[in-house]
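*Asks:* The chain contents come next:
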Amino acid sequence: MYDFDYHRPGSLDEAAAMIAGKDDVKLLAGGMSLIPALKLRLARYSDLVDLGAIDALKGIRREGNTLVIGAMTPHAEVAASAEVARAIPALAALAGGIGDPLVRNRGTIGGSIANADPAADYPAGVLGLGATIVTSRREIAADDFFLGLFETALKPGEIITAVRFPVPQAAAYCKHPQPASRFALAGVFVAKMAGGVRVAVTGAGPSVLRFEQAEAALAKKFDPSALEGITLAPDDLNSDIHASAEYRASCVVVMARRAVQRASEARAR
Amino acid sequence: MATVSLTVNGQRVSAEVEGRTLLVQLLREHLRLTGTHVGCDTSQCGCCTVHLDGKGVKSCTVLAASCEGATVTTIEGLAPEGKLHPMQEAFREHHALQCGFCTPGMIMSAVDMVRRKGNDLDEHTVREQLEGNLCRCTGYHNIVKAIQAGAAAMKRKA
Ligand SMILES: Cc1cc2nc3c(=O)[nH]c(=O)nc-3n(C[C@H](O)[C@H](O)[C@H](O)COP(=O)(O)OP(=O)(O)OC[C@H]3O[C@@H](n4cnc5c(N)ncnc54)[C@H](O)[C@@H]3O)c2cc1C
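Going line by line, the protein sequences match chains A and B. According to this note's numbering, the residues represented by the first sequence are 1 to 269, in order. According to this note's numbering, the residues represented by the second sequence are 270 to 427, in order.
No lab work stands behind these hints: they were computed from the structure. Just so you know, not all the hints are guaranteed correct.
[Unchecked claim] Straight line, CA to CA, 25 Å or less: simulated DMTMM-like cross-link-like pairs of lysine to aspartate or glutamate:
no.: 1; chain 1: B; residue 1: K424; chain 2: A; residue 2: E77
no.: 2; chain 1: A; residue 1: K192; chain 2: A; residue 2: D223
no.: 3; chain 1: A; residue 1: K221; chain 2: A; residue 2: D143
no.: 4; chain 1: A; residue 1: K26; chain 2: B; residue 2: E285
no.: 5; chain 1: A; residue 1: K26; chain 2: B; residue 2: E358
no.: 6; chain 1: B; residue 1: K424; chain 2: B; residue 2: D310
no.: 7; chain 1: A; residue 1: K58; chain 2: B; residue 2: D322
no.: 8; chain 1: A; residue 1: K39; chain 2: A; residue 2: D117
no.: 9; chain 1: B; residue 1: K324; chain 2: A; residue 2: D223
no.: 10; chain 1: B; residue 1: K324; chain 2: A; residue 2: D143
no.: 11; chain 1: A; residue 1: K22; chain 2: B; residue 2: E287
no.: 12; chain 1: B; residue 1: K386; chain 2: A; residue 2: E83
no.: 13; chain 1: A; residue 1: K155; chain 2: A; residue 2: D117
no.: 14; chain 1: A; residue 1: K155; chain 2: A; residue 2: D55
no.: 15; chain 1: B; residue 1: K386; chain 2: A; residue 2: E77
no.: 16; chain 1: B; residue 1: K386; chain 2: B; residue 2: E362
no.: 17; chain 1: A; residue 1: K26; chain 2: B; residue 2: E337
no.: 18; chain 1: A; residue 1: K220; chain 2: B; residue 2: E285
no.: 19; chain 1: B; residue 1: K324; chain 2: A; residue 2: D55
no.: 20; chain 1: A; residue 1: K39; chain 2: B; residue 2: E287
no.: 21; chain 1: B; residue 1: K324; chain 2: A; residue 2: D50
no.: 22; chain 1: A; residue 1: K39; chain 2: B; residue 2: D310
no.: 23; chain 1: A; residue 1: K39; chain 2: B; residue 2: E362
no.: 24; chain 1: A; residue 1: K39; chain 2: B; residue 2: E358
no.: 25; chain 1: A; residue 1: K26; chain 2: B; residue 2: D310
no.: 26; chain 1: A; residue 1: K58; chain 2: B; residue 2: E337
no.: 27; chain 1: A; residue 1: K39; chain 2: B; residue 2: E298
no.: 28; chain 1: A; residue 1: K192; chain 2: A; residue 2: D55
Start from the sequences, fold in the hints, and give me the full structure.
*Replies:* Structure, rendered in structure tokens:
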């Protein structure tokens, strides 16, 4: 790792001032993606600004029909939260399936979505539920946030402060994990909302994406049988040593069926 | 260089560290607490697991500077001088090791598992929750048995 100057601001304003207008300064959250990247010397920064001492960025609360999760809330806290279990159990299950328990004790929701790894779990939940990303400057709809491979709508110097999730009628997340890393080879988040059905796919393409054909079919009938005959074109999906694009395409449909099944069961209970 | 002050195994310590100094380097190289091991150095294997403010973390992926004011417990601080912690005793009793390299991380992770999942652990839970700790010798069988026994023993002690 190349050396850098380390900063630990106590407030969001201080943090924002430290990174404003500087390309060479990077935010640090749980460090579970950034520190490994720095160790590999994939990146080099003059300064790191640690968000760990800013209490306003932590915590989970319910506001009417919205669940608000602070950017610096670790995965383990979301997984174990009674508030999340009541409002969106699928999101608690998603967080509880990220990596391993030690990674979940450090890694944060803000770091995960800012990183926008194509195989990360949270982006599927954020896009699948049509969440809103709240930053130090504005609010961004999930549909406008994930732009591509490790690419988001965040502008230089912009800090995610929280994610606002609308509470769905039913939802579930199913992933086929890469057995070593637990990242998704294909992961599908299905949500039945007041305004329709959303299906978000991670791990399969360069970035999280919506599976519109499945959404249309499930809007007519929210049941696994609605997905019969529906396929995802492998053309723009990833091929690597773990799986071909065709395998991923087929896996997505299987995960989608299972997620709908799980969501329907959770709802019946 | 900057000074970081924290509490390690009950003692207040300060050290001069670089921004990039890792918690595991602070522990092993500055404080000479070499019970915490570096296995993969890529956040995968869990040999470097310690407790940071009571929670299990991979100390190869935490900056020392981030631990300002924090409380850290390493394998050396788990039990009072001259005694074994119930989880250490269970690893000995069930022979939950061969080469022993992963053992400090396994034990620290096991104690964190009890914090999160309680004292009554079934085999499936232990195997799932051990996802972040790799052992290349034992095939995990005795480690799983030791953790179940150690968790139960921690309840009797408490
Ligand atoms: C062994 C291992 C297994 C893993 N398995 C999985 C898995 O199965 N699924 C999965 O989804 N992830 C997995 N991860 C990744 C993990 O979830 C990370 O915690 C997450 O991707 C990044 O979160 P972080 O808080 O650690 O962020 P950091 O690593 O600190 O930061 C990541 C990036 O986000 C930026 N950033 C952080 N916070 C903010 C903010 N508030 N505003 C703006 N930018 C910000 C940083 O500048 C940096 O570019 C794994 C990681 C490891 C080490």
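*Asks:* Could you run down the list of hints and mark each one as holding or not?
*Replies:* Cross-check of the supplied hints:
no.	hint	verdict
1	B:K424 x A:E77	holds (24 Å)
2	A:K192 x A:D223	holds (11 Å)
3	A:K221 x A:D143	holds (24 Å)
4	A:K26 x B:E285	holds (22 Å)
5	A:K26 x B:E358	violated (44 Å)
6	B:K424 x B:D310	violated (33 Å)
7	A:K58 x B:D322	holds (16 Å)
8	A:K39 x A:D117	holds (18 Å)
9	B:K324 x A:D223	violated (41 Å)
10	B:K324 x A:D143	violated (35 Å)
11	A:K22 x B:E287	holds (21 Å)
12	B:K386 x A:E83	holds (18 Å)
13	A:K155 x A:D117	holds (17 Å)
14	A:K155 x A:D55	holds (23 Å)
15	B:K386 x A:E77	holds (13 Å)
16	B:K386 x B:E362	holds (22 Å)
17	A:K26 x B:E337	holds (19 Å)
18	A:K220 x B:E285	violated (63 Å)
19	B:K324 x A:D55	holds (18 Å)
20	A:K39 x B:E287	holds (14 Å)
21	B:K324 x A:D50	holds (19 Å)
22	A:K39 x B:D310	holds (9 Å)
23	A:K39 x B:E362	violated (38 Å)
24	A:K39 x B:E358	violated (36 Å)
25	A:K26 x B:D310	holds (22 Å)
26	A:K58 x B:E337	holds (18 Å)
27	A:K39 x B:E298	holds (18 Å)
28	A:K192 x A:D55	violated (33 Å)
In this structure, the hints that do not hold are numbers 5, 6, 9, 10, 18, 23, 24, 28, in rising order.
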